[in-house]
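Put together the whole structure using the sequences plus the hints.
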Amino acid sequence: MEQNQRVRSNITNYDVLRAVKTEIKQSEARIIRRIYTVAILSVATIIFVLMLIITSQTPTTRDYAAEAMKRSFEAERAVKMIDDAAGTHFLEQSKFSQ
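Adding 151 to a residue's 1-based position in the sequence shown gives its number in the working numbering.
No lab work stands behind these hints: they were computed from the structure. Hints are supplied without guarantee of correctness; some may be wrong.
[Claimed, not checked] Once the Cα atoms are required to be at most 20 Å apart in a straight line, the calculated DMTMM-like pairs of lysine to aspartate or glutamate come out as: (1) Lys176 - Asp166; (2) Lys246 - Glu227; (3) Lys246 - Asp234; (4) Lys231 - Glu243; (5) Lys246 - Asp235.
[Claimed, not checked] Using C-beta positions, here's what the derived DEER-type ranges look like: (6) Thr211 - Glu179: 27 to 37 Å; (7) Asp234 - Ala195: 55 to 65 Å; (8) Met202 - Ala180: 30 to 40 Å.
All of these numbers come straight from a predicted model, not from anything done at the bench. Backbone N, C-alpha and C define an ideal beta-carbon position, used for all residues, glycine too.
Below is the structure:
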């Protein structure tokens, strides 16, 4: 309805129909633009939240890995001490048998 048309004294149904169709097409274009905008913003928000979660969990994961490695080394040292104390030397024998 933004187009300037000549003014007639009698408006027909065709004129009204044409004006309504134009309005419907314009509103559809606005709705589609808004849907695309919302979809893009939703995807961006989801990516941002996932990055935030991953970034905040990285130090915790690193701490868990460091703790697991520390316990593994302690367990290996304990097994070696027991093996040496018992005089069986199973660890050295297993290295040679591989």
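Do the hints match the structure? See the list:
With a CA separation close to 16 Å, the supplied pair Lys176 and Asp166 stays within the 20 Å bound. Distance restraint check for Lys246 and Glu227: the Cα-Cα separation of roughly 14 Å lies within the 20 Å cut-off, and the hinted pair is therefore satisfied. Of the supplied pair hints, the one linking Lys246 and Asp234 holds, its CA atoms being roughly 14 Å apart against a limit of 20 Å. Restraint check: the Cα-Cα separation between Lys231 and Glu243 comes to about 10 Å, which is no more than 20 Å; the hinted pair holds.
Proximity of Lys246 to Asp235 is assessed by CA-CA distance (about 15 Å); at most 20 Å being required, the pair is judged to hold. Thr211 and Glu179 have their C-beta atoms about 49 Å apart, which leaves the hinted 27 to 37 Å range violated. In this structure, Asp234 and Ala195 meet the distance hint of 55 to 65 Å, their C-beta atoms being roughly 57 Å apart. The supplied range of 30 to 40 Å is met by Met202 and Ala180, whose beta-carbon atoms lie about 33 Å from each other.
Of the numbered hints stated above, the single one contradicted by the structure is hint 6.
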